[in-house]
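There are 2 protein chains.
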Amino acid sequence: MTQDITRRTIWMHPDGSGTVQVLDQRSLPHEIKAQTLTNVTEVVAAIQSMVVRGAPLIGATAAYGVYFACTEAAQQADPTAYLLDAFERLRQSRPTAVNLFWALARMQEAIATTSDFSQKADIALATAHQIVEEDVELCRMIGVYGLPIIEQISAAKNGAPVQILTHCNAGRLGCIEWGTISSPIYQAHQKGINVHVWVDETRPRNQGGLTAWELGQAGVPHTVIVDNAGGHLMQHGMVDMVLVGTDRTTRTGDVANKIGTYLKALAAFDNHIPFYVALPSTTIDWNLRDGLQEIPIEARSPDEVRYISGWDGSQIRQVLLTPKDSAALNYGFDVTPARLVTALVTERGVCAANEEGLLGLFPERKIGG
Amino acid sequence: MTQDITRRTIWMHPDGSGTVQVLDQRSLPHEIKAQTLTNVTEVVAAIQSMVVRGAPLIGATAAYGVYFACTEAAQQADPTAYLLDAFERLRQSRPTAVNLFWALARMQEAIATTSDFSQKADIALATAHQIVEEDVELCRMIGVYGLPIIEQISAAKNGAPVQILTHCNAGRLGCIEWGTISSPIYQAHQKGINVHVWVDETRPRNQGGLTAWELGQAGVPHTVIVDNAGGHLMQHGMVDMVLVGTDRTTRTGDVANKIGTYLKALAAFDNHIPFYVALPSTTIDWNLRDGLQEIPIEARSPDEVRYISGWDGSQIRQVLLTPKDSAALNYGFDVTPARLVTALVTERGVCAANEEGLLGLFPERKIGG
Numbered sequence: 001m002t003q004d005i006t007r008r009t010i011w012m013h014p015d016g017s018g019t020v021q022v023l024d025q026r027s028l029p030h031e032i033k034a035q036t037l038t039n040v041t042e043v044v045a046a047i048q049s050m051v052v053r054g055a056p057l058i059g060a061t062a063a064y065g066v067y068f069a070c071t072e073a074a075q076q077a078d079p080t081a082y083l084l085d086a087f088e089r090l091r092q093s094r095p096t097a098v099n100l101f102w103a104l105a106r107m108q109e110a111i112a113t114t115s116d117f118s119q120k121a122d123i124a125l126a127t128a129h130q131i132v133e134e135d136v137e138l139c140r141m142i143g144v145y146g147l148p149i150i151e152q153i154s155a156a157k158n159g160a161p162v163q164i165l166t167h168c169n170a171g172r173l174g175c176i177e178w179g180t181i182s183s184p185i186y187q188a189h190q191k192g193i194n195v196h197v198w199v200d201e202t203r204p205r206n207q208g209g210l211t212a213w214e215l216g217q218a219g220v221p222h223t224v225i226v227d228n229a230g231g232h233l234m235q236h237g238m239v240d241m242v243l244v245g246t247d248r249t250t251r252t253g254d255v256a257n258k259i260g261t262y263l264k265a266l267a268a269f270d271n272h273i274p275f276y277v278a279l280p281s282t283t284i285d286w287n288l289r290d291g292l293q294e295i296p297i298e299a300r301s302p303d304e305v306r307y308i309s310g311w312d313g314s315q316i317r318q319v320l321l322t323p324k325d326s327a328a329l330n331y332g333f334d335v336t337p338a339r340l341v342t343a344l345v346t347e348r349g350v351c352a353a354n355e356e357g358l359l360g361l362f363p364e365r366k367i368g369g
Numbered sequence: 001m002t003q004d005i006t007r008r009t010i011w012m013h014p015d016g017s018g019t020v021q022v023l024d025q026r027s028l029p030h031e032i033k034a035q036t037l038t039n040v041t042e043v044v045a046a047i048q049s050m051v052v053r054g055a056p057l058i059g060a061t062a063a064y065g066v067y068f069a070c071t072e073a074a075q076q077a078d079p080t081a082y083l084l085d086a087f088e089r090l091r092q093s094r095p096t097a098v099n100l101f102w103a104l105a106r107m108q109e110a111i112a113t114t115s116d117f118s119q120k121a122d123i124a125l126a127t128a129h130q131i132v133e134e135d136v137e138l139c140r141m142i143g144v145y146g147l148p149i150i151e152q153i154s155a156a157k158n159g160a161p162v163q164i165l166t167h168c169n170a171g172r173l174g175c176i177e178w179g180t181i182s183s184p185i186y187q188a189h190q191k192g193i194n195v196h197v198w199v200d201e202t203r204p205r206n207q208g209g210l211t212a213w214e215l216g217q218a219g220v221p222h223t224v225i226v227d228n229a230g231g232h233l234m235q236h237g238m239v240d241m242v243l244v245g246t247d248r249t250t251r252t253g254d255v256a257n258k259i260g261t262y263l264k265a266l267a268a269f270d271n272h273i274p275f276y277v278a279l280p281s282t283t284i285d286w287n288l289r290d291g292l293q294e295i296p297i298e299a300r301s302p303d304e305v306r307y308i309s310g311w312d313g314s315q316i317r318q319v320l321l322t323p324k325d326s327a328a329l330n331y332g333f334d335v336t337p338a339r340l341v342t343a344l345v346t347e348r349g350v351c352a353a354n355e356e357g358l359l360g361l362f363p364e365r366k367i368g369g
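Chains A and B are the protein sequences, given in the same order.
The first sequence: position 30 = 30 (this note's numbering), numbered continuously.
The second sequence: position 273 = 273 (this note's numbering), numbered continuously.
Careful: at least some of the hints might be erroneous.
Where chains are identical, the list cannot tell them apart; a pair therefore holds if satisfied intra-copy or between any two copies.
[Claimed, not checked] List of simulated lysine to any residue pairs, SDA-like, C-alpha gap at most 20 Å: (1) 33 x 312; (2) 324 x 309; (3) 324 x 28; (4) 324 x 216; (5) 157 x 38; (6) 324 x 102; (7) 324 x 314; (8) 191 x 314; (9) 324 x 218; (10) 324 x 26; (11) 324 x 217.
Don't read these hints as lab results, they were simulated from the structure.
Note that the structure is predicted; figures quoted are calculated from it, not measured.
Here chain A stands alone, though its shape is the one from the complex (with noise of 0.2 Å):
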């Protein structure tokens, strides 16, 4: 693997058989592995198990499955119906991340255009293509937007590192290429500003692996912590900005992102240190004006508690963490108010976090206007 900041989470095989690899995150940061994706099966089995994961590269991975489709069904007795099938099992690989259901839409979309399926499997490849580069864009324009911010910190630093504490990993693993949070930091490193990054390990999935791993490969400095460090480092003037990413952002400004997040930004509010967002505009839901009253939060298994996943020298080894009989609970995510949020940074500029700086940026989201 490459020091190549800017390398991709999923690609075309270069060996020209037209499969579909992607790096295999189940076993980051531990071992590098790619995997092969050659048929819509594997595509599935892939999202499902969670050897691709975030919701932009579930969607492209997606996408990639819906030309494997094109091309297996054009050899079916009834290739319709096997198409039909195939799409089925794709919206029910990950029930529910957004853009899957995004990209599968858009795929469908597109490839109706055309009643043969030696067209639509073309037609279907390019816009897969197409989805991933349009990622890729959102997030370099995030950077570009975001980059201007460590810039000033930096400049008030004399140089000195500019601290950013970050949780969860919305990084590139979770996008194609660049990621959101860390678009930004990846374009002040490449510009020679000095940037450490703390990194929660973010229990109960400990996302701040990967979010190390993709630093360190980027060779960015970064320090691990446990999710309760980072309120002490603020105390005492070890971090000069908190930069987080968001699974959901209201029209408000409030915004659902791993949970952890809340408890950062309250001990940024408290310790006047900046609190950014950074997102793409697809991850804003424009009906939503109360993200803790109308945001659902996903109750995952309590055994992500119980138990976690670590290196045991040879392989990935499963330990519990609990006594057997405790009983454990589970929230994915929570909600940040935005009266925590400083700004948000998105591929159109930076906003305040409230919803006359969103339709500043957003204009045509104006209702009746």
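We have chain A; now place chain B onto it with these hints.
Just chain B now, with coordinates in the frame of chain A:
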């Protein structure tokens, strides 16, 4: 092991041999094992290797170590030199535990009243017992004063479970019996009041597993959560009070407790949930006025962040969580400013977290008063 919630963490061996037994806390919550201590060398090893942990319990264990040392000294050519050396070994077993030095100083003073080593041994045993009983009584009284807080919430909720969130282990396992935060909880449970405890797992050392284990032994309903989850629970009305311990408390009511406590205090404050700190007055440092500036915070091994231990089905095993090359930083404690603390629960009563409140309960600490 019985379900007796007042069972102790250290006790004289029931075989009458004059040896001491302790609960081996290294294997909890996965295996319940007692360890027998028969001489001063074994006591030093038990403290060093964290067979016993928690300031009061470390002090008590060391006190029994002095008893063994006196017995052993009587059989040496130079008993005084032997005893001095034993004190030094005990003193160096855990260099930062304040109760250890306090207990050793008290033992030294007690046995200085005679030059006969057999009498010294008798006095040492009696004084060790006394140290143990005093800690039990301190903890019991914290429960007596903390109980009404739980009772009032229970009454206001018409008997629905009082939802208590805690962080780390300030239960009986760190003490002899009752514990500090657990004493009001156990006393409420014994009185038939419905309580349910949200147990923060408390990375990096997962003392939440100890808390869950002892609550389970006592039959107290509880649920383990990751440290990230408390804010979300508080936002959604699922927490009635926070109750934590403290390792050091300033004259002005600032509290240093396990890293992450400050984040929970912020969330409690933001959601108008009372935040109580239970403490024996021995943790108050009457010389300090500014916790953030004056309380030194221990930086522990980064490997406690990088690795975690758990039960693999047949043994306790350590696994790596982070990329092997990533740096990690590991502060053991953070400071919660008094402004976020609703009240302090001590063995003399409940008071506001400020100098006036503390001096009201401990008037002998008034300077020049």
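Consistency of the hints with the structure:
Proximity of residue 33 to residue 312 under the C-alpha cut-off of 20 Å is restricted to the intra-copy arrangement: shortest distance 18 Å within a copy versus 25 Å between copies. Taking the closest pair of Cα atoms, residue 324 and residue 309 come within 20 Å of each other both inside a single copy (16 Å) and across two copies (15 Å). In this assembly of identical chains, residue 324 and residue 28 lie within 20 Å of each other by CA distance solely across copies; the values are 11 Å between and 27 Å within a copy. In the homo-oligomer, the alpha carbons of residue 324 and residue 216 lie at most 20 Å apart only across protomers (10 Å), although the nearest pairing inside one protomer, at 36 Å, exceeds that limit.
Proximity of residue 157 and residue 38 under a CA criterion of 20 Å is satisfied in neither setting, with 51 Å inside one chain copy and 59 Å between copies. Neither within a single protomer nor between protomers do residue 324 and residue 102 lie at most 20 Å apart by alpha-carbon distance, with minima of 41 Å and 37 Å respectively. Proximity of residue 324 and residue 314 under a CA criterion of 20 Å is satisfied inter-copy only: 13 Å between copies versus 26 Å inside one chain copy. Taking the shortest alpha-carbon separations for residue 191 and residue 314, neither the intra-copy value of 38 Å nor the inter-copy value of 51 Å comes in at or below 20 Å.
In this assembly of identical chains, residue 324 and residue 218 lie within 20 Å of each other by CA distance solely across copies; the values are 15 Å between and 40 Å within a copy. For the identical chains of this complex, residue 324 and residue 26 are inter-copy neighbours only, at 16 Å across copies versus 25 Å inside a copy, given an alpha-carbon limit of 20 Å. In this assembly of identical chains, the alpha carbons of residue 324 and residue 217 lie at most 20 Å apart only when taken from different copies (12 Å versus 38 Å within one copy).
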